[in-house]
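Chemist: Please arrange chains B and C on chain A, whose structure you already have, making use of the hints.
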Amino acid sequence: MQELVKRAKELLADGTVTRVLGWKKGDLAYNPEPAFFENEEALSEFVYDSFCGANLSKYMIEASKKEGKTLVFLKPCDTYSFNQLLKEHRVLREKAYIVGVGCAGKISAEKMKEAGISGILEVEGADALNPSETLKVKTLYGDKEVSYKDVMLERCHVCKGKDHMIYDEIIGESRDTLDGDRMEKVREIEAMSPEEKFAFFQSELSRCIRCNACRNVCPACSCRKCVFDSTKFDSAQKANVDSFEEKMFHVIRAFHVAGRCTDCGECSRVCPQNIPLHLFNRKLISDMNEFYGEYQAGADAETKGPLTAFTQDDIEPSEARERG
Amino acid sequence: MKKISKENLTKLFAAICEEASLILPLKNNGMTNFALWSEGDEVDLDTLKTVKSAKDAFFPQSETLYNCHREDGKLKISPGERMDENFVVFGVRACDKRGFEVLDNVFLSDPVDSFYKARREHGTVVALACHAPEETCFCSTFGIDSAEPGADVDTWFVEGDLYWKANTEKGEKLTARLSDLLSDADEKAVEEEKENIRSIMKKLPYAGITTEGWGGEAEKEKFDSPLWEELYKPCLACGTCTFVCPTCQCYDIKDYSTGEGVQRYRCWDSCMYSDFTMMAHGNNRTSQMQRYRQRFMHKLVYYPANYGGMFSCVGCGRCVDKCPTGLNIVKVIKAFSKKEDK
Amino acid sequence: MPVEKEFRPKIVAFCCNWCSYAGADLAGSSRLGYPADVKIIRVPCSCRVNPMFILRAFEKGADGVILCGCHPGDCHYSTGNYYARRRMTLLFSLLDYLGVEEGRTRVEWVSAAEGVKFSTVMNEFVDKIRSLGENVRLGDLRCKN
Numbered sequence: 025m026q027e028l029v030k031r032a033k034e035l036l037a038d039g040t041v042t043r044v045l046g047w048k049k050g051d052l053a054y055n056p057e058p059a060f061f062e063n064e065e066a067l068s069e070f071v072y073d074s075f076c077g078a079n080l081s082k083y084m085i086e087a088s089k090k091e092g093k094t095l096v097f098l099k100p101c102d103t104y105s106f107n108q109l110l111k112e113h114r115v116l117r118e119k120a121y122i123v124g125v126g127c128a129g130k131i132s133a134e135k136m137k138e139a140g141i142s143g144i145l146e147v148e149g150a151d152a153l154n155p156s157e158t159l160k161v162k163t164l165y166g167d168k169e170v171s172y173k174d175v176m177l178e179r180c181h182v183c184k185g186k187d188h189m190i191y192d193e194i195i196g197e198s199r200d201t202l203d204g205d206r207m208e209k210v211r212e213i214e215a216m217s218p219e220e221k222f223a224f225f226q227s228e229l230s231r232c233i234r235c236n237a238c239r240n241v242c243p244a245c246s247c248r249k250c251v252f253d254s255t256k257f258d259s260a261q262k263a264n265v266d267s268f269e270e271k272m273f274h275v276i277r278a279f280h281v282a283g284r285c286t287d288c289g290e291c292s293r294v295c296p297q298n299i300p301l302h303l304f305n306r307k308l309i310s311d312m313n314e315f316y317g318e319y320q321a322g323a324d325a326e327t328k329g330p331l332t333a334f335t336q337d338d339i340e341p342s343e344a345r346e347r348g
Numbered sequence: 018m019k020k021i022s023k024e025n026l027t028k029l030f031a032a033i034c035e036e037a038s039l040i041l042p043l044k045n046n047g048m049t050n051f052a053l054w055s056e057g058d059e060v061d062l063d064t065l066k067t068v069k070s071a072k073d074a075f076f077p078q079s080e081t082l083y084n085c086h087r088e089d090g091k092l093k094i095s096p097g098e099r100m101d102e103n104f105v106v107f108g109v110r111a112c113d114k115r116g117f118e119v120l121d122n123v124f125l126s127d128p129v130d131s132f133y134k135a136r137r138e139h140g141t142v143v144a145l146a147c148h149a150p151e152e153t154c155f156c157s158t159f160g161i162d163s164a165e166p167g168a169d170v171d172t173w174f175v176e177g178d179l180y181w182k183a184n185t186e187k188g189e190k191l192t193a194r195l196s197d198l199l200s201d202a203d204e205k206a207v208e209e210e211k212e213n214i215r216s217i218m219k220k221l222p223y224a225g226i227t228t229e230g231w232g233g234e235a236e237k238e239k240f241d242s243p244l245w246e247e248l249y250k251p252c253l254a255c256g257t258c259t260f261v262c263p264t265c266q267c268y269d270i271k272d273y274s275t276g277e278g279v280q281r282y283r284c285w286d287s288c289m290y291s292d293f294t295m296m297a298h299g300n301n302r303t304s305q306m307q308r309y310r311q312r313f314m315h316k317l318v319y320y321p322a323n324y325g326g327m328f329s330c331v332g333c334g335r336c337v338d339k340c341p342t343g344l345n346i347v348k349v350i351k352a353f354s355k356k357e358d359k
Numbered sequence: 631m632p633v634e635k636e637f638r639p640k641i642v643a644f645c646c647n648w649c650s651y652a653g654a655d656l657a658g659s660s661r662l663g664y665p666a667d668v669k670i671i672r673v674p675c676s677c678r679v680n681p682m683f684i685l686r687a688f689e690k691g692a693d694g695v696i697l698c699g700c701h702p703g704d705c706h707y708s709t710g711n712y713y714a715r716r717r718m719t720l721l722f723s724l725l726d727y728l729g730v731e732e733g734r735t736r737v738e739w740v741s742a743a744e745g746v747k748f749s750t751v752m753n754e755f756v757d758k759i760r761s762l763g764e765n766v767r768l769g770d771l772r773c774k775n
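Residue numbers (my numbering), protein chains in the order written: chain A, 25 to 348; chain B, 18 to 359; chain C, 631 to 775.
In isolation and in its complexed conformation, chain A is listed as follows (with noise of 0.2 Å):
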């Protein structure tokens, strides 16, 4: 971490860069936010640790209409939002510098109170390049231990690798902390009757608060104004009425999202009901990988998303339908 403040400070002195995104230290032990440093002073709050899982790309949407360059640290997992938002011109390069930042796997307070951790005072061993494999905690109800796998974001597990597709420099090693299969729980659902199917999404999507956490998160929901805000559209963004509304918000989301969607996993993350949001981009990763050739948005800023291109013999959608 004092790395990427040393780094921060010296581009801030030379004049390349006017301020830097990154992570502040939270108020507790695992509540960091992104935040906007504009001066040496200023980053004394900087913090990079295991809790530092906000995708910060998005915000740099706001950071290419300002003056000059951003210093912006990217986990290699950004950069894939980078590029997109690249590709779509909702950022500019030449107000960016990326500094490459590795990555060991991002832990989340929910994850440890989901493993029966509560009162958490302190976290030790939550180094963002070299956590302990078990982190110590203390809580107000005694020190408890905790398996750094175990708290890890569901993302994490399925990790896209340790390679950064856009920077500048890098700084610090990634670690490898793939251990699971992307689309397992994909093939499960797809295995299940209709019924099944229905009641596994209705159960969790009614959960929903309609509180746009997972858009308002999403780099690739980058629209100016949503379709979901039109106050001409009776279906309103913030209903929340146990009927189809939320299941038609999250489908037209996610297709809205298909093809642009580098699988960041954010929208998951940050969901306060804890709703795997994921399963619905990851179909569509699924199919269009199979429908169009593997495509993994995001690892460039020129090739053609899915949607955006077509052959003249292309699967028609009854074929599609026998093969699923």
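Fair warning: there could be bad hints in the mix.
Stated by the list, open to error - The list that follows gives simulated cross-link-like pairs (lysine-lysine, DSSO-like), each with its CA atoms no further than 27 Å apart: (1) C:K690 x B:K91; (2) B:K44 x B:K23; (3) A:K168 x B:K44; (4) B:K91 x C:K758; (5) B:K351 x A:K48; (6) A:K256 x C:K669.
To be verified - Stretch by stretch, here's where chain A covers chain C in the computed footprint (C-beta under 8 Å, at least three residues): (7) 679-685; (8) 708-715; (9) 725-734; (10) 764-771.
Just so you know, the hints here were simulated from the structure itself, not pulled from any lab data. Ideal Cβ positions, reconstructed from N, Cα and C, are used throughout, including at glycine.
Modeler: Here is chains B and C on its own, set in the frame of chain A:
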């Protein structure tokens, strides 16, 4: 003081349901929220904080105000149903219980909200003391005693028993109805539990948070502070904080076209949303900084100005838990007191 | 499952202006019947149909939605239906994944000369929806009264 053993709770719930419906924390796929109980549901009274607060019981996220449709060539309007059955909300924490009082000020003062009033009249609140407060709790900042919520009925879990104490007429009535299941108990165990809870409250990381400097008088100074410009930046403009909050009371009224008619409904609104208080001329708060400021000014300045100094935050800490970018009301309070220190 | 006689499904057919809508016209002028349950919505091109159109139709009470466009290669705008094809492939697959009965959605390419095909497709589709019954999973409860 009465008590009932933990094993008999299902019987107690069933008994409550004989003459009322029962709303209590239920677990669905790992997440606990207040919901209507029916036999076989997974009741979760161990989780300290439900994701959404208990306010849905009196002020649901969405409710129909009236329907209109055509009948015999004429427009027919039928008003939405007001609650006319008794219900019990069980397992409410002290913070959420204070949240109801915050809502009362708004909805029961003139003009009275008849939907809310009907629910309040028909609802009995059974509160549960917080056996194990969490690091995000700061209800004591607002003078709330999580060891003694002061609802219609207060309850405490001590070892294998649920201790039960009625505080109001409504509470006494419910207790009398359940008397077959409740046995007499002495207060000693509960007194110890209360002491225990209070001693934990003192050790919480947020124990020292004070609202000093906030309140109606601070309006101009706080409103004009340059700090907001810094504080709002990570905000995603989602509505998580407002929808999990026990005291947020803003709502929107919308029409839904059902094909053959129109349903007018109201639903929670969030001051974080770009179309909040959108009017014909546009919006009176055009930037996220203004919207962000509004939320905290409302809780800590405007509300106390309107309601005799009572704050519209109860320190439940749900926003601390749930904000996707780690923002919360405590950070705001701290940022202002830090500035004043300088 | 026995189908109640009274059940008259509501079918929404999005038809492209240049081929399928003309195909429907031809079916009409050739006196080929298709059930009155089919409500046609004319769109400039099959790719005008946003997935939201389809979900909205279901939300507001449709029991089946069919999209008809020019045959691939014949699009009036050259490529519109190729895009539509990809979108519908993915949308239908996603709806299946959500547990919506297969068969409530369909895509068919119908040219201006294919009045017979239009009529056959619509008859088939209506039969299919009749056998599936009322759309419950994608409808908004508020529209059911």
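Chemist: Take the C-alpha atoms of K91 (chain B) and K758 (chain C), compute the straight-line distance between them, and say whether it is at most 27 Å.
Modeler: 37 Å, violated
Chemist: If you look at each residue in the segment 679-685 of chain C, do at least three have a Cβ nearer than 8 Å to any Cβ of chain A?
Modeler: With 3 residues closer than 8 Å to chain A, the segment 679-685 of chain C meets the three-residue bar; holds.
Chemist: Keeping to a limit of 27 Å between CA atoms, is the pair of K351 (chain B) and K48 (chain A) held or broken?
Modeler: 15 Å, holds
Chemist: Given the proposed pairing of K690 (chain C) with K91 (chain B), does the C-alpha separation stay at or below 27 Å?
Modeler: The hint holds at about 22 Å.
Chemist: Between the alpha carbons of K44 (chain B) and K23 (chain B), is the straight-line distance 27 Å or under?
Modeler: Holds: K44 (chain B) and K23 (chain B) sit about 18 Å apart, inside 27 Å.
Chemist: Please count how many residues of the segment 708-715 of chain C have a CB within 8 Å of a CB from chain A and say whether that reaches 3.
Modeler: holds (count 4)
Chemist: Assess, step by step, whether the Cα of K256 (chain A) is no farther than 27 Å from the Cα of K669 (chain C), and give holds or violated.
Modeler: Roughly 24 Å separates the two Cα atoms, so the pair holds.
Chemist: How about the segment 725-734 of chain C: do at least three of its residues have a C-beta closer than 8 Å to a C-beta of chain A?
Modeler: holds (count 8)
Chemist: Hint check: K168 (chain A) vs K44 (chain B), CA-CA at most 27 Å. Holds or violated?
Modeler: Holds, because 25 Å separates the two Cα atoms, which is no more than 27 Å.
Chemist: Report holds or violated for chain A covering the segment 764-771 of chain C, Cβ cut-off 8 Å, minimum 3 residues.
Modeler: Satisfied; 5 residues make the cut.
In summary, the one numbered hint that this structure violates is 4.
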